[in-house]
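S.K.: If you want the building blocks of each chain, they are given just below.
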Amino acid sequence: MALRELSSLEKSLGLKKPNKYSTQGDKKVPVLQSNNGPSLTGLVTIATHLVREANRPELLGSTAEQRAVVQQWLEYRVTKLDNCPKEEIKTILQDLNQYLEDKVYMAGDTFTLADTLMYYGIHRIMVDLAVQEKEKHANVSRWFDHVQHYPGVRHHLPLLVVLRNRLYTSGHH
Amino acid sequence: MKLFVSEGNPHCVKVLAAVELTGVKCDISHVNQDEQVVPHLSRPSLPALLLPSGLHLFIPNAICRYLFEVSGQEVSDQSNQWLEWEGTELQPPLMQALHMSALQGKGAEAAGTLQGPLSFLERSLNKRATQFLTSEEVTVADIVLWAALYPFLSDSSFMAGDLGQVRAWFERVGQLEACRSAAQAVLKGKGLEALKGYLQKQPVPHIQHRGAQPCNQAEGEDAEHAITEEEIQAAVKTWSQALSDFPAPADRQHPILPKEGKRNVLITSALPYVNNVPHLGNIIGCVLSADVFARYGRLRGWNMLFVCGTDEYGTATENKAREEGLTPQEICDKYHAVHAAIYKWFQIDFDFFGRTTTAHQTEIAQDIFWRLHQRGYLLEDTVEQLRCESCQRFLADRFVEGICPHCSYPEARGDQCDKCGRLINAVELKDPLCKVCKQTPVVRSSKHLFLDLPKLESQLEEWLEQSVSSGDWTPNARQITRSWLRDGLKPRCITRDLLWGTPVPHPDFSEKVFYVWFDAPIGYLSITANYTEQWEKWWKNPKQVELYNFMAKDNVPFHSVVFPCSLLGAQDNYTLVNNLIATEYLNYEDTKFSKSRGVGVFGDMAKDTGIPADVWRFYLLYVRPEGQDSAFSWADMALKNNSELLNNLGNFINRAGMFVSKFFEGRVPQTELQPEDSRLLAQVVWELRQYIQLLDRVRIRDALKCILNISRHGNQYIQVNEPWKRIKGEDKDRQRAGTVTAVAVNVACLLAAMLEPYMPTVSATIRDQLRAPPSSASTMLHGAGSFICTLPAGHRIGTVSPLFQKLEADQIEALRKRFGGQQPEEEGSKQQPKTDATSEANAKPATPAPPAEAAGNFAKPERAKQLAQEVAEQGDRVRALKAQKAEKAVITEEVAKLLELKKQLALAEGKNPEPSPQKGKKK
Chain D
1 MALRELSSLE KSLGLKKPNK YSTQGDKKVP VLQSNNGPSL TGLVTIATHL VREANRPELL
61 GSTAEQRAVV QQWLEYRVTK LDNCPKEEIK TILQDLNQYL EDKVYMAGDT FTLADTLMYY
121 GIHRIMVDLA VQEKEKHANV SRWFDHVQHY PGVRHHLPLL VVLRNRLYTS GHH
Chain B
1 MKLFVSEGNP HCVKVLAAVE LTGVKCDISH VNQDEQVVPH LSRPSLPALL LPSGLHLFIP
61 NAICRYLFEV SGQEVSDQSN QWLEWEGTEL QPPLMQALHM SALQGKGAEA AGTLQGPLSF
121 LERSLNKRAT QFLTSEEVTV ADIVLWAALY PFLSDSSFMA GDLGQVRAWF ERVGQLEACR
181 SAAQAVLKGK GLEALKGYLQ KQPVPHIQHR GAQPCNQAEG EDAEHAITEE EIQAAVKTWS
241 QALSDFPAPA DRQHPILPKE GKRNVLITSA LPYVNNVPHL GNIIGCVLSA DVFARYGRLR
301 GWNMLFVCGT DEYGTATENK AREEGLTPQE ICDKYHAVHA AIYKWFQIDF DFFGRTTTAH
361 QTEIAQDIFW RLHQRGYLLE DTVEQLRCES CQRFLADRFV EGICPHCSYP EARGDQCDKC
421 GRLINAVELK DPLCKVCKQT PVVRSSKHLF LDLPKLESQL EEWLEQSVSS GDWTPNARQI
481 TRSWLRDGLK PRCITRDLLW GTPVPHPDFS EKVFYVWFDA PIGYLSITAN YTEQWEKWWK
541 NPKQVELYNF MAKDNVPFHS VVFPCSLLGA QDNYTLVNNL IATEYLNYED TKFSKSRGVG
601 VFGDMAKDTG IPADVWRFYL LYVRPEGQDS AFSWADMALK NNSELLNNLG NFINRAGMFV
661 SKFFEGRVPQ TELQPEDSRL LAQVVWELRQ YIQLLDRVRI RDALKCILNI SRHGNQYIQV
721 NEPWKRIKGE DKDRQRAGTV TAVAVNVACL LAAMLEPYMP TVSATIRDQL RAPPSSASTM
781 LHGAGSFICT LPAGHRIGTV SPLFQKLEAD QIEALRKRFG GQQPEEEGSK QQPKTDATSE
841 ANAKPATPAP PAEAAGNFAK PERAKQLAQE VAEQGDRVRA LKAQKAEKAV ITEEVAKLLE
901 LKKQLALAEG KNPEPSPQKG KKK
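From first to last, the protein sequence lines are chains D and B.
With the first letter of the first sequence counted as 1, position 1 gets the number 1 in this note's numbering; the numbers rise by one all the way through.
With the first letter of the second sequence counted as 1, position 710 gets the number 710 in this note's numbering; the numbers rise by one all the way through.
The reader is advised that the hints may include incorrect statements.
[Claimed, not checked] Cut-off 25 angstroms, straight-line C-alpha distance, at most; resulting in silico cross-link-like pairs (SDA-like, lysine to any residue): (1) B:Lys196 <-> D:Thr79; (2) D:Lys20 <-> B:Gln78; (3) B:Lys201 <-> D:Glu88; (4) D:Lys80 <-> B:Thr88.
No wet-lab data here; the hints were simulated from the structure.
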């Protein structure tokens, strides 16, 4: 799974020659094999490294503050979102919805690596949401739809339908 | 910028250390742990950093990274990698460990949970060349990991394997003032205690996966199995089937013979060599493992025969006889009895425990020999051998000693070097000496017979392929066998120039006997023949019989290659091994058991420790070297006894029984199952099935964990439902207390059944206390395993009493010292006066003084006591000097005094001052 993400990321970054990966342990943590220097382990580590390789530093944030926010959501993705127990999903969606209320992207007004990896990570949750639930978390849905249509991002994942007009007007409880 | 932290929150340590270390200016605000600081999060989340833009950072590692970055230190890929590892691999088990340790008092389990990530860290630190994790300077990675591990590593009693590198690194980072003050600010010097309030408010952490790094999967708790609705329904259905009229298991009728339509299982355990007292490693390696499996098989209703015996022929016996001034036969008689007594004490339930020096052995070995000879599988060759002219005989194997040609160890034996472990051909020894008369032997040639293994190789491979693919062969057994075949088989000598052995019947070799490894495995057959005249029904019946061989890994090639070749070549439809179960080695504390150096606990001493045989069995099986070497450790044994047996298993069973006696006049109450009861039933069934699947594949150690998991579930169940409170409540509450008690006591009854292979006495005691129906055990362990309500409502139980006793620290420490090494030495191996001042063993009255037959040695108990005291004091003095790195001459002088004192002490105790072999002492 993580390997497909990384390969999609490579394509969207326009990296020419694909890197060699392996996985480690039963969680299949990705490992980037490297000819020069030691290998790198972990999705976030490798993704950050790839962005630097591709010379797209703006995807990691353009100020120290934004870089910190990007890194925070990257870590959030692998520690909180991945493997989250079922009963936690509701809270995660609620929190994200709240957070995205006044933001276009995860780190503010510009698209970053945080959007890509959060999108890959939350896709499995969004797939299972009913139309009503998507509408309830309108900010998340809006952001999600935005990112899945962002050029070059979607690659290995199927497009999800997000309705833009509200069906359930009394949706707030 | 403003940083929000709260006292007693472990995640705040790292951010405070980072602020202090980087010197980034920001206000620090101490808030209550429930304070909602981050507006978009629905739960309180601390620490949090309010950025100038008004955004919050709420993930601790992100805060640390940001602080380092604004102070001008860029975060490298390597540091990133450690931060990610910390968040994904370390934090989940860490939170679980904190929870266990601070809230549940399960320090030992907590250490087990952390063992995976810690040993990964240890290995990584071992590989790196820098002072800190990623460079010569402290980086954000060091701070984050240091702070995460602080609650555990700052506690000097925390034990989780060998962590030399981790501890050194932890010290180095901890010297930073920033780290110390951050830890102080959060924990207030109270250690784990300080975190209680925080941890209580967190959801109970559980790990979805076992440590994902390829770490040795040490003692971590097994991942919780997610129980499905179907499993729950099935468990409830089975539970309510009353114990049908299962016949009680029939008593064993000897002789046991294969039966048509039954699963006929023949179990052998490697024959222990007679000339020595077995140590714990020998016991777990073969007889105890085989016994667990045999007991299990009997419960499962298989038709089982379990045979073993002492291997009595060979040079070592001759040697021993010479040392003790007895004939070889007398030596064998004496030690056979010693072995039999030890195994009896350990409750090894052989169907027959025989020996190899019998007429049947001669008959069967010679028959196999002639069959091999007639079929052209034996070769003749001359061998160069050492011969001692003064003793008038060839010096085989252990009759010769010399300098190891590989490592120059001066006391290498004729067959193997104890130091480097390599096999030696006796003629290769430098400066060989006859062990008996100390003369230098000469090289002579002698004619011998060889088993033509190359000629049998293709047959062997064909059979192996079939056996290994259809049976259970432990990975080490497969691998060792493969490597023997890969290296190509060579003819193997089967005769020896000795007296004490099965005579070679061929007239040209009339002075010779069979080499012990041709002879010994035939012992399995001859021992069975001594058990029943119809032994061939077991041994020439591969269609009906399934053969399991148990052994330690050093015996594998003889059971998988050499012996099968003998039997294949003899062409008499022999039963060949189907399942070869080999253990790795068990070490003693940090060293090896050594017969010749007397390090470790030997079979006959175990009972002198006052620790019950079942507890020994439990611990040896708990650390059974399954898949990798393991170690016996006194401290760990005490820990496992106190945490697993006493607090977990014993506690649960005892409470369940006590509730029945105290609250329900000794009668099992009515049940009305609620969802949580059903859930427990399903959890228990799942563990029971695991247990059966594992034991069917002889994963003895792993299956033991299932038993402990069930009682853990049980304890939790009692704890949550509090029957002791509800019993005082209204009818509804009382009924609830009844259900919980009835379910719990039935779980205890199941545990008694599952324990039988491991701890037979404890199992019998529990069944006795609960008055369990005789058929309950075999019924529940039948088939895939079913958990049935075997103690129905109204069933009257017996008197309940505690099952285990605590092992106290001082008791264990005394035992550790007593068996710490310098036992009276074996084989009178020329003693170097011990220069190691810690050898206090002689001072300990470890073994009762032997009869004072060594002329003139009379025991003087008073004097001995005084001397023992003096020896201890002098020992302390020497150690102190050594620790201060005093001058060598001074130390030597004090050591000499110590040795003199010890000598006097030995005399006063009536011992020979040159310790002599005492292994054979009678109980």
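S.K.: Each of the hints needs a verdict: does it hold here or not?
M.R.: Tested hints:
Distance hint between Lys196 of chain B and Thr79 of chain D is fulfilled; the C-alpha atoms sit about 23 angstroms from each other, no more than 25 angstroms. Among the hinted pairs, Lys20 of chain D with Gln78 of chain B is consistent with the structure: their alpha-carbon atoms are about 18 angstroms apart, no more than 25 angstroms. With a CA separation close to 16 angstroms, the supplied pair Lys201 of chain B and Glu88 of chain D stays within the 25 angstroms bound. For a cut-off of 25 angstroms, the pair hint linking Lys80 of chain D to Thr88 of chain B stands: about 9 angstroms separates their Cα positions.
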